[in-house]
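With the hints as extra help, turn the sequences into a complete structure.
In numbering that gives the first Met the number 0, the protein residues as written are 0 to 153.
Quick caveat, the hints were computed from the structure, so don't treat them as lab data. Just so you know, not all the hints are guaranteed correct.
With beta-carbon atoms standing in for the labels, derived distance ranges [claimed, not checked]:
hint: 1; residue 1: 61; residue 2: 125; range: 26 to 32 Å
hint: 2; residue 1: 88; residue 2: 55; range: 27 to 33 Å
hint: 3; residue 1: 29; residue 2: 89; range: 32 to 38 Å
hint: 4; residue 1: 1; residue 2: 40; range: 56 to 62 Å
hint: 5; residue 1: 95; residue 2: 23; range: 18 to 24 Å
hint: 6; residue 1: 27; residue 2: 127; range: 36 to 42 Å
hint: 7; residue 1: 9; residue 2: 125; range: 17 to 23 Å
hint: 8; residue 1: 133; residue 2: 57; range: 42 to 48 Å
Source: prediction; values computed, not measured. Note that CB positions come from ideal geometry on N, CA and C, so glycine has one too.
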Amino acid sequence: MGLVAEILRRRDDRYRLAQLRFDLEDAENEFRSKVQEQKLGRGTDAWDRAYFDYDTRREFVYAQIDEIETRNAIERARAWRVPIPQRPISEEPVYDDQYWSWSNPHGRYYLTDEGKLLLRREANIEMEMLFKPWLSWGALAISVISLTISALKL
Numbered sequence: 000m001g002l003v004a005e006i007l008r009r010r011d012d013r014y015r016l017a018q019l020r021f022d023l024e025d026a027e028n029e030f031r032s033k034v035q036e037q038k039l040g041r042g043t044d045a046w047d048r049a050y051f052d053y054d055t056r057r058e059f060v061y062a063q064i065d066e067i068e069t070r071n072a073i074e075r076a077r078a079w080r081v082p083i084p085q086r087p088i089s090e091e092p093v094y095d096d097q098y099w100s101w102s103n104p105h106g107r108y109y110l111t112d113e114g115k116l117l118l119r120r121e122a123n124i125e126m127e128m129l130f131k132p133w134l135s136w137g138a139l140a141i142s143v144i145s146l147t148i149s150a151l152k153l
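So, in structure tokens, the structure goes:
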């Protein structure tokens with residue numbers, strides 16, 4: 000049951016990520032249509048309020064995307080025993096580093112694109128180290144089997 004639950008969770012995560020990306024597009028379209036319909040000029044109070052609403056919604060959606068992607072990257076790294084970069088110790092957003100960035104809507108650190116790339120690259124290296132010997136033995140076994148079959152046909 001654990002395998003099925005994991006597959007379903009990953010499916011739900013992929014679906015949620017797609018929905019969140021559509022939400023980003025919808026938020027931008029709503030902002031642009033509001034600006035055009037109400038003929039809001041840049042720098043006016045109404046435009047500033049509309050942009051603030053758009054930016055707040057966009058930040059919240061990005062925080063949800065980062066939460067899902069960070070969780071998936073860390074789970075994959077743990078599964079392959081890849082060292083995860085240490086989070087900044089302080090709860091202050093001033094201490095962002097190259098692998099972690101502070102999320103204001105959720106109030107915690109999430110992996111940056113560079114951090115996700117590092118974990119993905121390291122996990123792929125671990126996978127390659129595990130499967131490369133098996134692939135060479137598999138190629139050798141196929142060669143021996145084909146040689147045996149050709150020798151038996153003679």
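Against the structure, the hints:
1. 61 <-> 125: 26 to 32 Å: Taking Cβ atoms as reference, residue 61 and residue 125 lie about 29 Å apart, which means the hint holds.
2. 88 <-> 55: 27 to 33 Å: At 28 Å between Cβs, range holds.
3. 29 <-> 89: 32 to 38 Å: Since residue 29 and residue 89 have Cβ atoms about 36 Å apart, the given range 32 to 38 Å holds.
4. 1 <-> 40: 56 to 62 Å: Holds, at about 57 Å.
5. 95 <-> 23: 18 to 24 Å: 22 Å, holds
6. 27 <-> 127: 36 to 42 Å: 39 Å, holds
7. 9 <-> 125: 17 to 23 Å: Roughly 19 Å apart at Cβ, these two residues keep to the hinted range, so it holds.
8. 133 <-> 57: 42 to 48 Å: Since the Cβ atoms of residue 133 and residue 57 sit about 45 Å apart, the hinted range of 42 to 48 Å holds.
In terms of the numbered hints stated before, the structure departs from none.
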